[in-house]
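> Chains A and B, in that order, give the protein sequences. First residue of the first sequence: 1, per the numbering used here; consecutive thereafter. First residue of the second sequence: 1001, per the numbering used here; consecutive thereafter.
Treat the hints with care, as some may be off.
Simulated pairs of lysine to any residue, SDA-like, Cα-Cα distance not exceeding 20 angstroms [what the hints assert, rightly or not]: (1) B:Lys-1243 <-> B:Ile-1094; (2) B:Lys-1243 <-> B:Ser-1090; (3) A:Lys-99 <-> B:Gln-1006; (4) B:Lys-1019 <-> A:Thr-90; (5) B:Lys-1244 <-> A:Arg-69.
Keep in mind the hints are simulated off the structure, nothing from the lab.
Chain residues, written in single-letter form:
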Amino acid sequence: MLKIEHVSKRLGKEQILKDVSFEVSPGEVFGFLGPNGAGKTTTIRIITGLLEQDEGTVTVNGFDVVQERSKALTQIGAIVENPAFYPYMTGKQNLVQAKNLIPGLATVDYEALAQLVGLEGKLSKKVGEYSLGMKQRLGIARALLHNPRVLILDEPTNGLDPAGIAELREYLRKMAREQDIAILISSHMLGEMEQISDRYAIIDQGVIKSVESVQNETGAKILIRVPEATILDVIEVLRVANYPAERWKDKIVITAPESETPAIARLIVPIADLHELTIKRLTLEEQFLQVTKKEGDSHAFAHTK
Amino acid sequence: MLSLIQNEWMKWWTMKKSKIVLALYVVIAAGLVIIAKTNDFDFTRSEYYTLVSTILFGLLGIITIVFTAETVGNEVRYDTMKHLLMSPYSRMTIYFSKLLFSILIMLGQFLFIALITYAASFAFSEGGETLQLRDTVLALVNPIFTIFMTLFFSLVFRSVGMIIGFTVLAQFFTTIVGGVLLALKPEIAKWIVFMHLDWSMYFKDAVGYGMAEPMGTTLTFSIIFVIAHILVLFGGSILIFQKKSYL
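Same shape as in the complex, but just chain B (with noise of 0.2 angstroms):
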């Protein structure tokens, strides 16, 4: 299992993509702190931390997508697929070496980013950073569920230009399907699982707070509702990989 995920990272590094994207969250930690020295803004280091970590963790959802769709959408695209298949390891191990390292590199990528955020929020005076990193943390069930569906689409779909689109309109219509169901039938937007992908919402200090309220849900429901949601794409995905040719 270590020497696929070794394969993997080697898979991802020598992608030029995988440096431009590291590069792009410097540039834009980095050029918000001039651009808010030149311009003379206020900010404290909690307010820079909010509005940098909120851009890039944004980013780091869509890039997410597109890091997950090639790790099955390539081997798909330069037909490699067969020798993966054809190696001693089982389809099983291959599926879950894949779900491993996408895991483990939005994670790599999230501690970056809080890295670079942390550090280029020292440029401004004082605030509370520590509110921000929990409700951050809390966020990251978001990218970890985006991995679950965009490697179930990896395997229905072969083109990774579908998979990604597939995963970005579904993710993209679902949540404003979502908002309006919010407003007007909030007890219909609870079964919309893109609406249970922030547990910030759960504490009264977040951003995101009373967004759980109108649609009557518990943090314990929200819990279930995504895991169960994982379980099906999870199970999906194995129940397609075993059996699908590659041919």
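Just chain A, same shape as in the assembly (with noise of 0.2 angstroms):
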């Protein structure tokens, strides 16, 4: 659906994306996380038409941003960084403004649409009376006005409030699964992402670190009790199997991927009685930690647990 192949972007004298690739397939939520600098917002304007990249391709249902611009575009809903309107048009101006920007589109059910974002009975007061949190919905609404089949927000939950993030989480996963649309989210809150995204890559100082499932395909810690003159014997059959094990208390702690568990824990069922098994999930932050090995630099995340 998305599809990002070896871009490579140079701004002046410098760097700003190495050889980036990624993929977002319909129907995902895909998170895309990296400090202040790290090439998020070149990467979205590259794929928005914004910029253009030196080298690689970026296609967007098959279509390629450069080469087939206006097809590929069609098929792209976006909020880049800050949502912006027309401050003395009302909101249903704005969105119409919106309509008349896509060649060939021809009605566009408003309401519906307000509803959706939740700003029913909002649409005839002018954007410069919105809050900010308003004017996010409303950016939303326009970047879904047209059905596009890729969704790009970055930052998206900036200025909503606590159930405002909640409501628009739940919404841009029912709108993932139902319309199989491919969703971007460009985000700081590590701990919303963690909660939307089904998958995330981590870009620092334009190089993809690492393309990773929420899921903890690699980095979960499973838990395991066994009884205590049993210890010593599973931890080396479990490292005979090449899984990292030590004992930590009176448990054991087993690093591997969650889909491992049942392999795990046939290996010890034979030689001991399991008391126990606990997986515990890295957070994303934990994640993106690990990944980076850029322990002081954390705060430039906020994360919201």
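Reconstruct the complex from the two isolated chains, following the hints.
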């Protein structure tokens, strides 16, 4: 659906993006994470046709953003950085403006859109009188106006209260699932992204460091409790099977993908009674720090938990 | 393209100042009728038309700079330029829609002014208004050139104030320099484009007649000279707009 392949971009003397590649599938909510200046916004600008890459390709639903610009951009709905509107116009007039920017878009049910983003009865107000949260909602309504196949949201929870964030989260997940839209969300809010995303990419200094599933495919901690007398034997069996395991108090900690849990259990059961098995998922922030190894830079992110 | 022009119209019409400007034209035209009648000025229709149209078309020149500057400047000011550039329309189409709208809105105001001034002139006794209509149509080249120039500056500068200020100053000072040169060195004055923006100067019965004589220019020279400048401004605008990132 959205495919970024080997994209590089230089601005002046600075190499902003280096060989960036990732893919967002239909029905997937994909988090795009990275500290300030990592290259997130540049990537989004390239996807939305605001900037042209030096190397590589970006395709949207099979259409190249540079070669088939018009067709590609018709498939995209986006909020880039902050949502911008004409403040002296009403919400509806701003949506009409957006509608007129999509060639061939016949009719739009503005009221249904307003209902969808929680702006019922507010479209006749001038945008200058909107709160930041209302502008965010209107921005999302504008991005969805033409039923895009790819939705790109740059910091979409900015200005939303906790209830609004939860509502948006549910709405985005539902939309991705039911309408098969590929959603790319860039955000600093790691805790929030953890709850919204299916997968995520971490970008740092213009390089994609990791593309992972939020389900901790690489970094789950599996804790098991077996009788004291069998602990050393179990650790030995696990190590032979290439599962890093170590004793922690009266338990054994295994670092392995979550999907390996049944296989690990099958190894233990023949030699010891399995009294307890717990999966401790790493938070997205922990995963981020693990990938970037930049513990000192964690202040660049706001964790909502 | 049509939907982009519709958007431009909506942006213009929803601004309070568009209605204020139209009301201002009516107030000035009607106000001068009232002043003339209450003070027993003995205007003919033609004299009234010449006076009021000169004032209002002068005002239109300034208003045209403001509105044209805002068609691009406001997009930068409100950060909405990115939405235009993210749309499936090409930058060339977006520029053309803004150019075309600026010309159309200027022509609309021009007709509005001509209409209300012509209608108000019936308050006075008969005169030869056909002559004045020809001259005002010929003077249209000035606001059209102004639009190309303002659009060029609006792509160079980011703030509406800078665009308006720079356009007005460029026009003002170059016209003054041109006027001085016309008296002292007319052979140099002819190379200043602002000296060629009123083509009525080539008609013997027009108010501005005689200005072209010391410069030794012809109507054809003025037409070619102005078009050449418009092409340079147009080409420069396209080049800047294609390259500028607006980030």
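> Taking the earlier hints as the rules, which of them does this structure contradict?
none
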